[in-house]
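Enquirer: In case you want the letters, here they are:
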Amino acid sequence: MLAKRGGARIWLGMSAPLDFLGIFAGRLRQAEISFAITSGMACVHYGLQQTTKDSDWIIPAEDLARLRGLLSRLEGELPPWRISYRQICGAPLEPEYMSHGWTSHLSVWDSAGSAEHKVDIFSRPPRVRGEELSADAEGWASQHVVAQMKKTDRDKDWPMVDGLGRRLWRSGLAVAVLHLADFDSLLAAWGVLGEATRRQMAERRPLLRSLSGPPVLTRPRFDLLLMLERLLWERVNRHRYRRYAGPWKDFYRAWRCEQPVWPTDEPFALQHRGLNDAARRHGLPTEPLAGPERSRLVQAAVDEILAMERFTREDVASVLPPVYELLP
Amino acid sequence: MKIQVVPAEPDIEMPEEYYEWLADAMGQEAADWARLPREEREKELRWYHENFNTPDDLAVWPPELGGGEVASTY
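Residue numbers (my numbering), protein chains in the order written: chain A, 423 to 750; chain B, 164 to 237.
Quick caveat, the hints were computed from the structure, so don't treat them as lab data. C-beta atoms are modelled at their ideal positions from N, C-alpha and C, and glycine is treated no differently. Do not rely on the hints blindly, as some may be mistaken.
[Stated by the list, open to error] Just so you have them, the derived chain A footprint on chain B, three or more residues with Cβ under 8 Å:
1) 170-178
2) 190-200
3) 207-213
Sequences and hints are given; from them, build the entire structure.
Expert: In structure tokens form, the structure reads like this:
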């Protein structure tokens, strides 16, 4: 809920996050860097969120060197931009880290009087399959990509998933049934899909099988399984970021002992060099979810849910998405 | 990971039930805002950005590193 105007804390600096999106997108385009604007700002674009100011960008790992070059050039412009890693900076903008699910967190000031723009960068966005990563010519990540990214453990994200599903269905896209979270909408959508599409979608979202019947589940039972399905996504996400947050916090504590001031006032290229050297020196793992870790992680989430004694193994099996869907 | 460039998704006209659902899920103000044409939505958002200095998230840590964690309601 937005605060009312009468209670506003007036901010004297100029804040223009929407303008910044256009400016930064233009600079990326000029530098021939692929990008997709995702998450909160994409939800704004699709009419689903009102208040976000931060921006989230998907930039492929192969374009990161070009991105770092662009950021350094922008610092040398007149008037100069100011670019800095944030204190909680995530991983260095290096393909070895970013192509394995790390995020990097920057602050950007595009002029002396500008507001601080918080820019988060993903190269491998969570829950998005590589072959489905798409954006339009303006750079907006597709609604399906945004919906996948929003399957987090934050309550506020789930209405976005459902809303994006509703919009996708209105556009006639079958992929909507991966995101809809309402019995009636799902039943109606399921009823018009062909057999082959149903099979394909149910592979990814096993809960959908229960719509085929006979008999179709009752609404209360379906709602319960829907709740369980969301709980699985939430727990998997929580475990996923713990695999990143734990090593990152260890790294950061060790690094702070030798480098008490961070971020430094240095140009971005020097900050980057310092962070990158330190990350390697202190053993920040490049790939926290390597090899069988994904399956183990999903199993840990399942075990946690079973330990609640609210759902049976059969319940879990009937809704558990495959590992490639939860952690592609 | 390559980003495929696809045609822009049309600014579709949503049925009344969608806005009723939005009001129910996110509040009447969100639903009223969503009914506006895109330019008007952005104009309103711009006004809020210029007049409120409210961070997106009060958590020190970003969501990927454990910030914004909300206790499960189940």
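Enquirer: For each hint, tell me whether it holds in the structure or not.
Expert: How the hints compare with the structure:
1. 170-178: With 7 residues close enough to chain A, the hint holds.
2. 190-200: holds (count 5)
3. 207-213: holds (count 6)
Hint check: no violations occur; every hint is consistent with the structure.
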